[in-house]
Structure formats: C-alpha cells, structure tokens
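Asks: Dock chain B against chain A, hints included.
Residue-level listing of the chains:
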Amino acid sequence: DAGVIQSPRHEVTEMGQEVTLRCKPISGHDYLFWYRQTMMRGLELLIYFNNNVPIDDSGMPEDRFSAKMPNASFSTLKIQPSEPRDSAVYFCASSLVGADYNEQFFGPGTRLTVL
Amino acid sequence: GQNIDQPTEMTATEGAIVQINCTYQTSGFNGLFWYQQHAGEAPTFLSYNVLDGLEEKGRFSSFLSRSKGYSYLLLKELQMKDSASYLCAVRVAGNNRKLIWGLGTSLAVNP
Chain A
80 DAGVIQSPRH EVTEMGQEVT LRCKPISGHD YLFWYRQTMM RGLELLIYFN NNVPIDDSGM
140 PEDRFSAKMP NASFSTLKIQ PSEPRDSAVY FCASSLVGAD YNEQFFGPGT RLTVL
Chain B
53 GQNIDQPTEM TATEGAIVQI NCTYQTSGFN GLFWYQQHAG EAPTFLSYNV LDGLEEKGRF
113 SSFLSRSKGY SYLLLKELQM KDSASYLCAV RVAGNNRKLI WGLGTSLAVN P
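First to last, the sequence lines map onto chains A and B. Going by our numbering, the residue at position 69 of the first sequence is 148; the numbering climbs one at a time, nothing skipped. Going by our numbering, the residue at position 11 of the second sequence is 63; the numbering climbs one at a time, nothing skipped.
Isolated chain A, as found in the complex (with noise of 0.2 Å):
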C-alpha cells in the first residue's frame, strides 16, 4: 500500500507568491492533519479534517492560510501571499479510527522556502 503522499517534495517562491501544497492520504484513513515543523517551533499542528470536514483550524497561523479536503483523497493547504516566516517543512498525515493505536501516518513533506 501507499503511505501518505505529497507534492511538491521542494518548493522555493517569493514573497508575495501563493503557494499550494498537497496531500493525497493512506486509503482508508478518516483523520487527515497538517503541520508544519521548524527548528524553533517543532511540529505544529495547522488543521485536521475528519471525514473530509475541518475539525480543528486553531492552529492556522492567520488569513494568508487555507485548507480544504474536497474529497476523501485529497487535500491543499494554501498560503497566499507567502512570506519568509512561512518557510519551513510541511507535512500531511492521516489516521484511522478503530485502529490498534490511531497512530499518525506521515508523508515525506514539501520543504517551503520562501525568499
């Protein structure tokens, strides 16, 4: 099986850009979160869907920042305009409910660098 999956792996734009990140999560799997992770800060979780629904948005940073699951395999986190504080690794992960732990699966990440 796939894990969780998204692109692009590398993003480097400049300030004032939109940027759209994506994630395609593990079939199945009803519990879909973003963070975003940085030296300073660590893991920080952005949002979290369940069953395609925002549940959680407090931890989206502010207005420049978006994010929608319009179906069960897909989500975008989008930042428009981005600026240099946004730079940073991004990840998606997905659980399910009724598994042994409800353990987070993690994708690989988009690295966000914004000059």
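No lab work stands behind these hints, which were simulated from the structure alone. This structure is a prediction, so every number in the text was calculated from the model and none was measured. Be aware that one or more of the hints could be misleading.
What the hints assert, rightly or not - With a straight-line Cα cutoff of 27 Å, these simulated DSS-like cross-link-like pairs (lysine-lysine) come out:
(1) B/K109 - B/K150
(2) A/K157 - B/K150
(3) A/K147 - A/K157
(4) A/K157 - A/K103
(5) B/K109 - B/K133
(6) B/K128 - B/K150
(7) A/K147 - A/K103
(8) A/K103 - B/K150
(9) A/K147 - B/K150
Replies: Same frame as chain A, now just chain B:
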C-alpha cells in the same frame, strides 16, 4: 496551558542503552506516543502508552507514569541507525485526535 518537555540533545555509544525522558503537563490525557524522525525524513510511529507501565517492542521500550506526568523511551543495543530525533506527543482527549508535541530529543550514536 499544554507543555511537553524533553532534553534537546543526547549522545550515546553503539551497543549501549539510552533513556530519553519526557514530562508533560496537559489539560487531559488519553495516550502518549513516541515517534522517530531521521534527518530530512518524516516522523514514524514507535510506541504508544495509555496505561501505567512498560511496553516493550524489540530493542525499544516505553514507560508511562500518569500520576507523575512522565514517560521514557528506552533504546537497547544501540546501533548507528538509531541516530535520529525522538518526539514525544500526548493525545489530550479521547474523541479528539489532536496531539501535543514535544520539540524532540536529538540522539547521536557514536561508534
């Protein structure tokens, strides 16, 4: 507030045993996870504790004391490939899948 503390860095020798501690102060508790993250890669699940005591999985064991807000990850027979960051995370509520994460402990295993 929610707080998880781990040592920032640790070093150990190949073949030895190392214990990585994690203390937490959270508004609730419904399980503690340990994840391993190699440099440039994604975190991967190692262990889960929800009841007090020790859980053993091969060379790795994890311990939990809920009354003390304390957990540790024990790595035995260290190998070079165990050099990684180890992340402690707490699930605060049962019907909420949100995890609170520590900053991670960077472990260097030396020959």
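Asks: Take the hints in turn and mark each one as holding or not.
Replies: Outcome of the hint check:
1. B/K109 - B/K150: holds, 25 Å
2. A/K157 - B/K150: holds, 21 Å
3. A/K147 - A/K157: Given that 27 Å is the threshold and the Cα spacing comes to 9 Å, the pair holds.
4. A/K157 - A/K103: holds, 15 Å
5. B/K109 - B/K133: It holds: about 17 Å lies between the C-alpha atoms, which stays within 27 Å.
6. B/K128 - B/K150: violated, 30 Å
7. A/K147 - A/K103: Answer holds: A/K147 to A/K103 is near 12 Å, not above 27 Å.
8. A/K103 - B/K150: holds, 19 Å
9. A/K147 - B/K150: holds, 18 Å
Violated hint: 6 only; the structure is consistent with all others.
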